[in-house]
Amino acid sequence: MARAPKKSGPRAAKKIEKKSRPGKKVLDGSQPELLKYYRSMLGIRRFEEKAGQLYGMGLIGGFCHLYIGQEAVVVGMQAAASPVDTVVTSYRDHGHMLACDMDPKGVMAELTGRKDGYSKGKGGSMHMFSREKNFFGGHGIVGAQIPIGTGLAFAHNYLTDGGVCHAYCGDGAINQGQVYEAFNMASLWKLPVIYVIENNKYGMGTSIERASAVTELYKRGESFGIPGEQVNGMDVVQVRAAAELASDWCRSGKGPYILEMKTYRYRGHSMSDPAKYRSKEEVSQVRQETDPIDTLRTKILDAGAANEGDLKEIDREVKAAVTMAAEFAQQSPEPEESELYTNILA
Amino acid sequence: MAIEVLMPALSPTMTEGTIAKWAKSEGEPVTSGDVLCEIETDKATMEVEAVDEGVLKKILVPEGSEGVTVNTPIAVIAEEDENIVTFDTSTKMDIKSTHVSTSTVTKPSLKPSKTPFSSVSGSPTRVLTIREALRDAMAEEMRNDKSVFLMGEEVAQYQGAYKVSQGLLGEFGDKRVIDTPITEHGFTGLAVGAAFGGLRPIVEFMTFNFAMQAIDQIINSAAKTLYMSGGQMGAPMVFRGANGAAARVAAQHSQCFAAWYAQVPGLKVVSPWSGEDAKGLLKSAIRDPNPVVFLENEMLYGQSFQIPDNENFTLPIGKAKIERPGNDVTITAFSICVGYALEAAEKLADEGIDAEVINLRSLRPLDTETIIESVKKTNRLVNVEEGWGTCGIGSELAARVMEEAFDYLDAPIKRVSSEDVPMPYAANLEALTLPNADKVVAATKAISYAE
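Protein chains in written order, with my numbering: chain A, 1 to 346; chain B, 1 to 451.
Think of the hints as simulated: they come from the structure by calculation, not from any bench. Treat the hints with care, since some could be wrong.
Pairs of lysine to any residue, SDA-like flavour, derived with a Cα cap of 25 Å [stated by the list, open to error]:
1. Lys254/A / Pro181/B
2. Lys146/B / Leu159/A
3. Lys190/A / Lys321/B
4. Lys190/A / Tyr180/A
5. Lys175/B / Gly56/A
6. Lys321/B / Met402/B
Sample of chain A residues lacking proximity to chain B, with all beta carbon distances greater than 12 Å (derived) [unchecked claim]:
7. Pro32
8. Gln176
9. Glu181
10. Glu244
11. Ser279
12. Leu301
13. Gln330
14. Glu339
Bear in mind the structure is a predicted one, so any value in this text is a computation, not a measurement. A virtual CB, placed ideally from N, CA and C, is assigned to each residue, including glycine.
Could you build all of it, start to finish, from the sequences and the hints given here?
Written as structure tokens, this is what we have:
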């Protein structure tokens, strides 16, 4: 992992890079935003660890896909988002919801299947939404969210609201046929959508080398004229920089953009996956050398943006918020039986 | 030898057409490949080329003639020195037809009705074809609500593969009438996303056969999201297009999907028969806050009906209509089969059986109440549908009537449906496969213990 970001996308990507990069403010550790990202990324990690724990206790059921290791991707993307932008992703969605500023209590209560969950306990881990926060799911069918995200971009265009859709998928979903049907229409109609491919190297248990004929996923839009860029998804600052470029591209009416985030998930595909398809050494090497939170922490300390004590305080606050969410999620009652037949039709 | 040029069938469903223009005049030489005339079908205006050489000796059907039935002789081509005097039956022996008869087996209700069905009472009406009624419904709703748009294959510049969207591009422009690439899965998912994003898409499937490519997005994304989001957001949209068999298009293009979609909670499923159904139900479907699957029938597009001449006319989704009251047996049907049921009811009346015909209109929700009330009166039920019988709409009706009105039944419930085979191409086998009025008559008589 930990490969330096590769700037060898299609020509269009390079062009915009040259044009707008020099004018961009390059983040360094002295900026206060870094503490915000730190809090956000740590919040996701602690939340996911707690979710894993509650799963082990039988309080969360079914499928539960944790985002641990990939936190810099969604936090970096959201750092470049405007309030009108929309987000849609797959079933590995807890991190995206938290980054969209959804209430951890509501997310955790949905995981435990309780009435105060975002979907009143009727959606679960893979199916959660917040119209208020412009988060459109949470989709359980691999790849289905890509045409849907393209449709959200279509709506941005139709309503001329200036919004951009962030449509996320993994390195597994990128091989679905409907992804390319969507790419074609997005480019044809110049829709404002950033396709964020979270390449964590494994589609469930199948490594990208065994699933993809061409493993440079940022090139997947080339035949549709969609520029793409590979990004170090373990570094929130680099993610943010790429997201800003892509957002500018989309907002200026040039159509879709692809960002391939090279990232890694520390846990199995879902809670029931022992992840025997990769070595323990591989996982621990990534954790030790390129962990996105450790990397950011070092950056903050090196730049003197905060000291150990400040960061410890953030750790404490984050942990307390997660504990509160977990307690809330256990105390919230199960949905009323009368909810069985509600929300089927509007 | 003189050759008769016959009125050609230019589409699977064409039964008659208009000679729009003759490109050759009498006495002109004709070689193979020359354009002879232009013929307007129910879908398009097409040029007809000669396949024979000679001289256009006689034009039998002048230009501007409407309603010229397929296989009618329209001109005569002969050798230059051949003398063609008359073309009455006595000369038939010398004439070779240039078109072989396409089919001798026709379904009973295929021909566009000269006298439109009049099932509307009260308010003023006008006569429109089903395709015009559907187009008007979309146009009116698009005028009312800027968030409504139409997308699909050939809906814009081509004016609709079946001319249903004719004129809409001109009125609403390419932002709201959108030609898509041939990617059902992708554009259906895109439309679902647009609905999530606050728009009201109408997705036209050229036929519902192709919607199988997109059924995941219809069911998993459109139908289930309202529930999965705890009521926060759903997909207010319409999936519409031709469903069921057309004519001679064989297995992959002839399937009824009513039972498939009617099984899914979160969807509404509508299947119109008449003009008022088409217009009133489509307007309601577009206004409905839920995903509505709207199953049309290609064979009905050209049929004319009386339709209320009123922009505010809508029909409620979920209500059936008693098209013909009767006392002896209830016949339920939807879409094209309503026509078969009414035809059967007339035949049965001649034999002293008074059938009540119910046009289901909506398959989900199903108007169980109207059906049960009818069965309580007639004590007998026959369902007619074009789909396969196994796990079909008729199976569901039989179960509900058994559960709710078992004691009122005087005879077993009968299901008339397509045969349990993929649709064959051969005309005779196709006719054997599909339901028709005679099959309905036979089924009704069987449970009436007549004969």
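Consistency of the hints with the structure:
no., hint, verdict
1, Lys254/A / Pro181/B, "holds (20 Å)"
2, Lys146/B / Leu159/A, "holds (10 Å)"
3, Lys190/A / Lys321/B, "violated (46 Å)"
4, Lys190/A / Tyr180/A, "holds (15 Å)"
5, Lys175/B / Gly56/A, "violated (51 Å)"
6, Lys321/B / Met402/B, "holds (21 Å)"
7, Pro32, "holds (33 Å)"
8, Gln176, "violated (9 Å)"
9, Glu181, "violated (2 Å)"
10, Glu244, "holds (23 Å)"
11, Ser279, "holds (36 Å)"
12, Leu301, "holds (41 Å)"
13, Gln330, "holds (19 Å)"
14, Glu339, "violated (8 Å)"
Of the numbered hints stated above, those contradicted by the structure are hints 3, 5, 8, 9, 14, listed in ascending order.
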